[in-house]
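Chain W: place on chain V using the hints.
Here is what each chain is made of, one letter per residue.
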Amino acid sequence: MTYATLAPTIRPSIISRFAPVINAEWTKLRTLRSPGAMLIAAYVATVGGGALLTFFINKNFSSMPTDAPFEPVRSAFGGLVLGQLAMVVLGVTMIGGEYASGMIRATLAAVPERGLLLAAKAVVLTAVTLVAGLVIAFSTFFVGQAMLGKHGVSIGDPNVLRAVLGGAFYLTLIALFSLGVTTMLRRQTLALGILMPFFFLVSGILQAIPGVTKATQFLPDQAGQKFLQIHHQSKDAFGPWTGALITVAWVALALLGAWLTVRRRDA
Amino acid sequence: MIELQRLSKRYGDTLAVDDLSFTIPTGLVTGFLGPNGAGKSTTMRMILGLDRPTSGKVLINGHRYDQLAEPLTHVGALLEAKAAQQGRSAYNHLLWLARSNRIPERRVAEVLDTVGLRDVARKRIGGFSLGMGQRLGIAAALLGDPAVLLFDEPVNGLDPEGILWIRTLMKSLAAEGRTVFVSSHLMSEMALTADHLIVIGRGRLLADLPMGEFIDRNSRSHVRVVTEQPEALMDALDGDAVAYRRGADGAFEAVGVEPGRIAKLASGRGLVLTELSLQRASLEEAFMEMTADAVEYHAGLAASDHEQRKQE
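Chains as they are written, first to last, in my numbering: chain V, 1 to 267; chain W, 1 to 312.
I should point out that these hints are in silico values taken from the structure, not numbers from a laboratory.
For clarity, every value in this text was computed on a predicted model and none was experimentally measured.
One or more of the hints may lead you astray.
If you only want the chain W side, here are some residues facing chain V, beta carbon under 7 Å, derived [unchecked claim]:
(1) 85
(2) 99
(3) 211
For the chain V half of the interface with chain W, some residues (derived, Cβ under 10 Å), not all of them [as the list claims (entries may be wrong)]:
(4) 12
(5) 103
(6) 108
(7) 112
(8) 210
(9) 213
We put the beta carbon where it would ideally sit given N, CA and C, even for glycine.
This is chain V alone, in the form it adopts within the complex (with noise of 0.2 Å):
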């Protein structure tokens, strides 16, 4: 065989193209033990902590505040304050693993086309957080549901079972976020730095500070979780599809910023 000629290149179509770019992604997450390692933790934290929470407001019922109705989807998912940060790192690691590790050139140098190689891993990442996404947040709604007893609301109720597809999407949506920032930093550690104590703290304390209540409603997970209410609170600033297209907005312009630094930027 003599390999002094080579046929021309024919590029085929996209579709065909993206099928294999697909297959490598997908096959890239399910050969690391992390990122099921982290769709369990991100089942126990959210079930586990709403189950914890949902427990303890059923069983001081009577002392609760009556200013506002009670929202008890929301009170389920109280633990996707936790859960969240194991989408976070799923996000991240879907590629600052290859960052860290050097291992990007030798994908971008199996996939020379970045756009579509971002695109490939934003879709299967989406495919995995959503299936787990559902699986968590229907868990996380009947345990909740169940400690609350008689406090509870049934899947039916009005506004019940878009909620719960809400916390669905929600963990999703973060995960995409942190996929779209970690490409855009280039670095897993300045990534998780960020992100992690964002989710987690930062979010929180800023909320707390009085005239920045308001504003902060509109970070990319507190109005997200608006999509978790079925009531209408007198301090919020939005609805809960205005909170998800919010979130969305976000999502969108991390992955746009992503896909603005990895087309060309040297790898």
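Here is chain W on its own, set in the frame of chain V:
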């Protein structure tokens, strides 16, 4: 065939690659030689489309790298050892690479066999030695059975057995008709493997010629002769029209002549020679001479070193 056309890469104030044009010939091992920091790795990254040239371009069989469909089936590259995530097994690392370019899964086992990693295929890469990591990188390069192979400093950190293995592998790949482009900062290594030589220094092309020509041009030799009767030897050499110069220690350095002829000359005149030896300038020396001006920081570092010592 790979063509570099007026390729330049600037990082801030430094011109890492400076108007570089050359063609990598097909079916040969081409050595890409230059001192550390000469721009070899940057050039290789630009060939693969990883770094964007400031100006100029690289064409692989007439196409830019990012225009190649399933590029791993055209070009395989070993850029750095262990460009792989530690937590994945060798098999799975090659598997995702195969999937990304529609390469059949059986190739994974084949290349693991080729590089001798079959027994550790299911082991995590994190536990691999440098040599095993290098072999895995070569397996990844071979995965798509490409016509062109790029190796960036493949023998770095390898034991003698591994070095020998890589040399043999590169030659056999070229013998199969593939184009092998291998960078090194060691002339001696290239002399053993390369058919063609491209030398760069400070990002500029210094030489582009067949290995044999480089050796002929640069392996100057002379015969060193020491005697206690220099006057008589001088007469003898002049009488036979042998060119020579005197070394610092008074020894004669005759050029373009065999030691045997000097021995005959001397014995014919009854001269006693206390030393008669053939001296060969090594290719390493020729390479260092060629790149001396191009070695970055070379003089500057030595000077500041000196300064520091004076201050201490």
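Status of the hints after comparison with the structure:
no. : hint : in the structure
1   : 85   : holds, 5 Å
2   : 99   : holds, 4 Å
3   : 211  : violated, 20 Å
4   : 12   : holds, 6 Å
5   : 103  : holds, 5 Å
6   : 108  : holds, 6 Å
7   : 112  : holds, 4 Å
8   : 210  : violated, 46 Å
9   : 213  : violated, 42 Å
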